[in-house]
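Protein chains: 4
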Amino acid sequence: MIEIPKDAILCLDKGFVRLVDSMGGDDAIVQAARVSYGKGTAKVSQDRGLIRYLMRHRHTTPFEMVEFKFHCKMPIFVARQWVRHRTANINEYSLRYSEARDEFYTPDPEHIEFQSALNKQGRMGEVPEELKQKVQDYFKEISERSFAMYAELNEAGVARELARAILPVNLYTEWYWKNDLHNLLHFVGLRSDSHAQYEIRVFSDAMAESIKKVAPFAWEAYQDYVVSGLRFSQIEKGMLEKRLPGRVIDDICEDLAYQITATLHHNKPRKEEDLFPLYQKQGGSDIESDFRLKWDSGEIETGNVREMREFKIKLKRLKK
Amino acid sequence: MIEIPKDAILCLDKGFVRLVDSMGGDDAIVQAARVSYGKGTAKVSQDRGLIRYLMRHRHTTPFEMVEFKFHCKMPIFVARQWVRHRTANINEYSLRYSEARDEFYTPDPEHIEFQSALNKQGRMGEVPEELKQKVQDYFKEISERSFAMYAELNEAGVARELARAILPVNLYTEWYWKNDLHNLLHFVGLRSDSHAQYEIRVFSDAMAESIKKVAPFAWEAYQDYVVSGLRFSQIEKGMLEKRLPGRVIDDICEDLAYQITATLHHNKPRKEEDLFPLYQKQGGSDIESDFRLKWDSGEIETGNVREMREFKIKLKRLKK
Amino acid sequence: MIEIPKDAILCLDKGFVRLVDSMGGDDAIVQAARVSYGKGTAKVSQDRGLIRYLMRHRHTTPFEMVEFKFHCKMPIFVARQWVRHRTANINEYSLRYSEARDEFYTPDPEHIEFQSALNKQGRMGEVPEELKQKVQDYFKEISERSFAMYAELNEAGVARELARAILPVNLYTEWYWKNDLHNLLHFVGLRSDSHAQYEIRVFSDAMAESIKKVAPFAWEAYQDYVVSGLRFSQIEKGMLEKRLPGRVIDDICEDLAYQITATLHHNKPRKEEDLFPLYQKQGGSDIESDFRLKWDSGEIETGNVREMREFKIKLKRLKK
Amino acid sequence: MIEIPKDAILCLDKGFVRLVDSMGGDDAIVQAARVSYGKGTAKVSQDRGLIRYLMRHRHTTPFEMVEFKFHCKMPIFVARQWVRHRTANINEYSLRYSEARDEFYTPDPEHIEFQSALNKQGRMGEVPEELKQKVQDYFKEISERSFAMYAELNEAGVARELARAILPVNLYTEWYWKNDLHNLLHFVGLRSDSHAQYEIRVFSDAMAESIKKVAPFAWEAYQDYVVSGLRFSQIEKGMLEKRLPGRVIDDICEDLAYQITATLHHNKPRKEEDLFPLYQKQGGSDIESDFRLKWDSGEIETGNVREMREFKIKLKRLKK
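Protein chains in written order, with my numbering: chain A, 1 to 320; chain B, 321 to 640; chain C, 641 to 960; chain D, 961 to 1280.
It is worth saying that the hints were derived from the structure and are not from the lab.
Don't take every hint at face value.
[What the hints assert, rightly or not] Label-pair restraints from in silico Cβ distances:
(1) 913/C <-> 417/B: 16 to 22 Å
(2) 190/A <-> 967/D: 28 to 34 Å
(3) 137/A <-> 1264/D: 54 to 60 Å
(4) 750/C <-> 155/A: 21 to 27 Å
(5) 849/C <-> 155/A: 50 to 56 Å
(6) 190/A <-> 925/C: 45 to 51 Å
(7) 327/B <-> 267/A: 46 to 52 Å
(8) 593/B <-> 849/C: 41 to 47 Å
(9) 867/C <-> 1100/D: 49 to 55 Å
[Unchecked claim] Straight-line C-alpha distance at most 20 Å; calculated EDC-like pairs for lysine to aspartate or glutamate:
(10) 654/C <-> 814/C
(11) 774/C <-> 144/A
(12) 334/B <-> 464/B
(13) 460/B <-> 1101/D
(14) 452/B <-> 430/B
(15) 452/B <-> 464/B
(16) 934/C <-> 1153/D
(17) 772/C <-> 912/C
(18) 140/A <-> 781/C
(19) 774/C <-> 155/A
(20) 1173/D <-> 152/A
(21) 780/C <-> 152/A
Glycine included, every Cβ here is placed at the ideal spot set by N, Cα and C.
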């Protein structure tokens, strides 16, 4: 059995995720968005605003500028779901080339659940102790029996690439897996979702820990705008019943400051130099260079000033 | 000058889009989703429902099973935006290998507009006749002057790959461009959007015509759920003020039929064979095999039966 | 058990490959290479020459213009190798969503071999009858035992996504798999190679049958220039001992006709209109439009005319 | 005009390439190939041998584990060739969003050449002074005239996205460009080739400098086995006339040590523990763990021991 590296996050009974290396972070996202010489902005808080803006408007290419490389060990049935994310680079342990190790996944009692009656891809409700025991017994029996057969055939000299075909998909495998932040966030978005299978979710959650450390603003923005995004399926919940985190409300108010400025300017054109002060008067909090960047971006919509002001008031109320 | 093919859709003053070939259509999407032997379903209307369901729940891989190949001719500055869609296969006319042709884009008067004051990526308001004339004159002057220089250098024997560097980006180029439906829809979603530059939008709109013919249900579903999707930026508009097309309301009611059935079943488990009749009683209109498929999919949420029924009533009212 | 479709090619004991659809063929390759309106050339023999030329000089993009879609059924351990070809689009049967079927791979006696002593990824020499019997018994035992457990857990209501984890990798799965010709040839080049595992080779060979039908010239050229390509590992075999197929010798002679023409022209420049006749005098057999295309391509090298003529003579001798 | 960063490599008259960041190097390649915990090997010389082995046998995935990010500035016609390498991530300066800068490429006199008579994609022979002057004058005239028009239209308020269409493709643009080592080597292999256009070659050569620093063994192996690889087009040169670098001969001799060992073992099977000493007797210089790795790899061929020994002698002679 291989030794688990010290800085790895343990996953399931014998697996792990370890961040081996990374390139760039929040700063690299901002740098690419500005296609500048890496001067950055005066304050970190400005970087955060720009990253949230990029995420909100689905400008994805700057997030591709950050790269992560993980060393992971997981059961084959988990690897089979994982490998479908095709932008990643992978180097996997080969059972043609190397001997299988006697390492199989057996589920914890608490994760042995009934088939969901509503959802054939899901679980629902813990099963009785007796059935739990049977599941664990079966996992152990098939693991031990298949490995004994494998070992015997191996010993007898049968081709390894053939003998391995009797091993079950709860056998552990391992790999190096490298991906960029945009696609990694997409992976985590799908695989840390409550609809994902528990056994891949723990690996996805472990990788999420690395994202939080390497690119905390990008992570936060992803949570706010994609994971908790207002999706169609939640149409019936209604806007006002939705519990929005305070920072999202701040962002909407920021957007409104731009939209109100744009609408006022549209109704009665102002001089170029009067725009930033006008924006500040609407409660806008960006510095002037970022104001320019967003103002020029082509995504500011105009509307009815009164309606937008009322909406702002409602939002402020939601926050308290 | 090359002859425009008969079945091409003309774009701008000298460009075109022509569907050269395609593989599969709505039927191929359904076939892949069912991973079956192409038996299909009894009625076309069932295919439509399944496609809409796949689109609504972002199950994208079946849409990758349909392929399109276009022959296109467009100005270089348009090709430069277009080529960023990296999943496509491209064979382009080469100016190292072949001589440039005397074909340049000059904008129509109606599309010569002012820089948008709100949006540096946009246009706003037609310009005076005099300025329009100047723009057209400049386009023609630079096209003619650069081509005369190019022709002269070419004649004098200067390397073609070098001489072409003085040609402007309104020069026309052409290519074969092949992509799958999922990525083509993504292209059209971005490039037929009102924020896209007019000169690429006409090409995107032309390709959209082919999608409508080859995969009409997929096209319709894409419009309803992605293009007109309820996005965060429209948060302030509110659900009830939104003008939903009747077919979207029907889809939501369908979803509600599933959710109500699931909730009832959750509250008081039913026998397997009683589920489909229960669903029909809630107004569900799928055939039994599709009911099974969706029921098993893992995306049906439960809620409060009374609230869902009220929501359904509100929706029906919106429709009339 | 699902019925095997009639037009499928059977692979292993229960698997198959079936070409569901394709787009384009040799003509589409030539069309893209010419970026023309599909006029094609006068004779099919000219298309063949151009395709061989493109393959020889590694001009890969025209081959991406042809698309294939297969329906395949294979053991999981085969699918695991297959899925690493990342350019393909895949829709696979899901064991979270659907119940596993009782279909497992058991090797034929003739394919049960010893582990290669030289090659841990290979097999070598048939094993004694007794050991063969044991291997088959073990495959059957583990298949039956694991499926019985799976069925029992399933019956008891355990979540399907969990119960499936005790199934071995010789379980059959199935999918729709779509790829372009360039990447499909690369797949077949690797997986029909003698170093590939027997169990994936039969699927690769089956897909090769479809390529031969859909794009016969491309297939032939791939065999001649890539599969039988003169690779470094064969350095020691020497050029003259190599058994070259007659058509490859013809191609080299064609190349030499171009190179001799180019060298003569380099030594003493000719008029543009004299080049094609000069090329024909050297034994060149292309029509004039294809001569132009290749002449302009930038890959014709010059050399010593005498040496090239001598080499041509040696080649002709090799052919007889 | 933007300031050129200090650590950039200047390219053409106003362009540059700058390595912004990288992840991993030769060690990361070896680490992925071993799928180990980064223990590495005892000696750096062993890493080199393994990397050369991977390159020789086209095991490409470990090279994908190294990542590079560059900041580059180049003319549009160069960017147009560059962007076709689709695996890269790109963030480019936008002429819809930002104003064009007055920066255009004018070729140096020494790079103004005639169209190659042999190769329409190439140049051949310097042109007379007078013609050189004309080329430079034309580049300057079109740059100045088009920029003056652009500036005037811009000043008059014409939409920037439209006005830019009169700018020629010798205008400079800039971007962040990120790619993995495998694909970067492929880029450099094509774009630093003598058939590539001079103007992109200088950028490719500049990036090659970074590869040399970050992954020197991989760079060297790529040169030896891919760039200087024995390709079909050089068939006529003959093996013995080829000037092989000494280190390639050493590698072939290494391969022969394995092949002779394998053949001897095949003719008369040895005990497992006698294989490594036998290999050392044939002149093999790998350490035992690497011997195991390669021995198990499945690529060792057997042959005729006498022939191989003779070939080895011939090779040694070539080296001196």
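Outcome of the hint check:
no.: 1; hint: 913/C <-> 417/B: 16 to 22 Å; in the structure: holds, 20 Å
no.: 2; hint: 190/A <-> 967/D: 28 to 34 Å; in the structure: violated, 39 Å
no.: 3; hint: 137/A <-> 1264/D: 54 to 60 Å; in the structure: holds, 57 Å
no.: 4; hint: 750/C <-> 155/A: 21 to 27 Å; in the structure: holds, 22 Å
no.: 5; hint: 849/C <-> 155/A: 50 to 56 Å; in the structure: violated, 39 Å
no.: 6; hint: 190/A <-> 925/C: 45 to 51 Å; in the structure: violated, 56 Å
no.: 7; hint: 327/B <-> 267/A: 46 to 52 Å; in the structure: holds, 47 Å
no.: 8; hint: 593/B <-> 849/C: 41 to 47 Å; in the structure: holds, 45 Å
no.: 9; hint: 867/C <-> 1100/D: 49 to 55 Å; in the structure: holds, 52 Å
no.: 10; hint: 654/C <-> 814/C; in the structure: holds, 11 Å
no.: 11; hint: 774/C <-> 144/A; in the structure: holds, 18 Å
no.: 12; hint: 334/B <-> 464/B; in the structure: holds, 16 Å
no.: 13; hint: 460/B <-> 1101/D; in the structure: holds, 16 Å
no.: 14; hint: 452/B <-> 430/B; in the structure: holds, 9 Å
no.: 15; hint: 452/B <-> 464/B; in the structure: holds, 18 Å
no.: 16; hint: 934/C <-> 1153/D; in the structure: holds, 19 Å
no.: 17; hint: 772/C <-> 912/C; in the structure: violated, 71 Å
no.: 18; hint: 140/A <-> 781/C; in the structure: holds, 16 Å
no.: 19; hint: 774/C <-> 155/A; in the structure: holds, 13 Å
no.: 20; hint: 1173/D <-> 152/A; in the structure: violated, 49 Å
no.: 21; hint: 780/C <-> 152/A; in the structure: holds, 16 Å
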